[in-house]
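Student: Sequence:
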Amino acid sequence: MRGLSYTGALRTPELSLVKKRLIVSAFARSRIEYGLAIAGHSATQLKCADSALKRLTGRCIGCRGTTLSNRLLGLVPAVSRQAQLRMTMFHRLDYQLLQPRTPQLVLRVYREAKAETRSRYGLMTRHCAFLRHLEAALPTHRHRQRLVVQRSRREWTAADDITSRVRASTAAIRALSWAGLDLKLLSLQLQDYKAAHPIAYLGGIEALTVARWMCNAIPGGQWPCPNCDGRYLVSMYHLVRCTDAVGLLGADYNAAAHLQFYQTAETAVDAMIMDLVPETQTLIELTRQDSMVVPSTLSSDAARLRERVSELALRPVNNPPDEGPVYLDATRQRRIKAIGRVLIQIVQRCGRGAGQYGRSGPGQYGRAGGPIDDHDDDHDEPADEPEVPEHRPGYDSAPTPALARLSGPPVLPPAR
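Residue numbering for the sequence shown follows numbering that gives the first Met the number 0, beginning at 0 and increasing consecutively.
Don't read these hints as lab results, they were simulated from the structure. Incorrect hints may have been included.
[Unchecked claim] Below, simulated DSSO-like cross-link-like pairs (lysine-lysine); rule was C-alpha separation at most 30 Å, straight line:
{"no.": "1", "residue 1": "K336", "residue 2": "K53"}
{"no.": "2", "residue 1": "K183", "residue 2": "K53"}
{"no.": "3", "residue 1": "K18", "residue 2": "K336"}
{"no.": "4", "residue 1": "K193", "residue 2": "K183"}
{"no.": "5", "residue 1": "K193", "residue 2": "K53"}
{"no.": "6", "residue 1": "K193", "residue 2": "K46"}
{"no.": "7", "residue 1": "K18", "residue 2": "K183"}
{"no.": "8", "residue 1": "K18", "residue 2": "K46"}
{"no.": "9", "residue 1": "K53", "residue 2": "K18"}
{"no.": "10", "residue 1": "K336", "residue 2": "K183"}
{"no.": "11", "residue 1": "K336", "residue 2": "K193"}
{"no.": "12", "residue 1": "K113", "residue 2": "K46"}
{"no.": "13", "residue 1": "K193", "residue 2": "K18"}
{"no.": "14", "residue 1": "K46", "residue 2": "K183"}
Based on the sequences and whatever the hints tell you, model everything.
Tutor: Laid out in structure tokens, this is it:
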């Protein structure tokens with residue numbers, strides 16, 4: 000990876016983030032995840048693996064790597080990846096035990112380990128939250144599989160039970176991979192748990208700017224806003240309000256999407272980003288299908304038949320139909336580039352170095368500058384008033400236009 004960093008493959012904006020993810024997966028993730036499904040790893044070791052991936056994804060986007068950058072590129076946490084690899088290994092071994100032939104040594108050891116509660120298998124599955132979620136969701140997925148078996152007019156087999164467990168394990172991974180993380184910007188990413196965001200499929204400075212916004216690299220801190228003459232501290236909400244991002248979007252502003260995600264998205268730009276994910280690929284829709292409960296009893300034969308037909312129509316599949324590749328969708332490409340151009344204009348107006356109170360050089364921050372973190376501060380608190388020297392006739396020259404502007408009434412950002 001050091002050699003790839005020297006070549007600049009992770010820094011160039013011309014490569015899409017998905018292609019950069021392939022580089023990270025081929026040269027770094029393969030080494031980090033070696034033996035993750037079999038050997039025991041402590042929580043500290045798994046966090047170290049996540050930190051290594053965060054550094055690499057941060058290089059791909061051009062910011063400090065965080066959980067947001069891993070989510071954007073579709074790299075699940077090491078805990079979820081370990082559970083996924085282990086459950087996949089168990090399902091394959093269970094399926095091999097069903098084959099009508101003499102089991103090999105590995106299968107015989109696995110069969111004996113399942114029967115012994117104090118074996119390595121028991122230690123791996125005893126305190127796993129993903130397996131507990133799997134067991135809780137297994138009855139629902141078995142019922143759906145029975146509907147499929149009845150429709151095909153065949154008998155229930157052990158392979159059907161393994162199929163139900165595979166779907167239940169997918170539901171457990173999807174539900175718990177990114178759960179419990181106190182990151183507000185994580186709610187903007189509605190793609191599936193292991194899928195990259197549609198923005199990651201496009202190259203160019205516009206798509207990379209939108210990715211930096213989603214990872215809180217824009218603004219990335221707090222300082223007096225140059226566009227407001229330093230009256231307010233910048234934040235994501237203030238940037239959108241101060242520069243009138245809705246007006247900058249123009250015809251690319253989707254009022255219906257803003258209304259749909261109004262309770263989740265705090266700004267119009269966030270709502271436009273959430274609307275980029277196709278409806279058939281959103282995490283909300285997939286979670287709803289995974290948790291759909293099928294009633295077990297019905298009042299009459301006619302109602303039972305209608306319910307069976309409706310549930311078969313709503314039965315989820317492992318791979319939902321795609322609406323088309325993102326890199327071939329001209330409408331979505333135009334919207335991503337429009338959002339990127341708006342964010343570039345926002346940075347030019349309110350970013351560091353844009354005015355008197357912005358960042359003027361490397362390592363020089365405004366008086367309100369602070370460390371970069373994953374949490375956005377939405378309190379548009381007015382900044383401290385800069386000291387304006389008193390004008391004394393005969394001693395000082397006339398006040399400059401900037402000082403005269405500061406001595407007047409406060410300049411407020413426009414309302415939404």
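Student: All hints are to be evaluated individually against the structure, with a verdict given for each.
Tutor: Results of checking the hints against the structure:
no.: 1; hint: K336 to K53; in the structure: 26 Å, holds
no.: 2; hint: K183 to K53; in the structure: 18 Å, holds
no.: 3; hint: K18 to K336; in the structure: 19 Å, holds
no.: 4; hint: K193 to K183; in the structure: 19 Å, holds
no.: 5; hint: K193 to K53; in the structure: 15 Å, holds
no.: 6; hint: K193 to K46; in the structure: 18 Å, holds
no.: 7; hint: K18 to K183; in the structure: 27 Å, holds
no.: 8; hint: K18 to K46; in the structure: 25 Å, holds
no.: 9; hint: K53 to K18; in the structure: 16 Å, holds
no.: 10; hint: K336 to K183; in the structure: 24 Å, holds
no.: 11; hint: K336 to K193; in the structure: 24 Å, holds
no.: 12; hint: K113 to K46; in the structure: 29 Å, holds
no.: 13; hint: K193 to K18; in the structure: 15 Å, holds
no.: 14; hint: K46 to K183; in the structure: 21 Å, holds
Hint violations for this structure: none, all hints satisfied.
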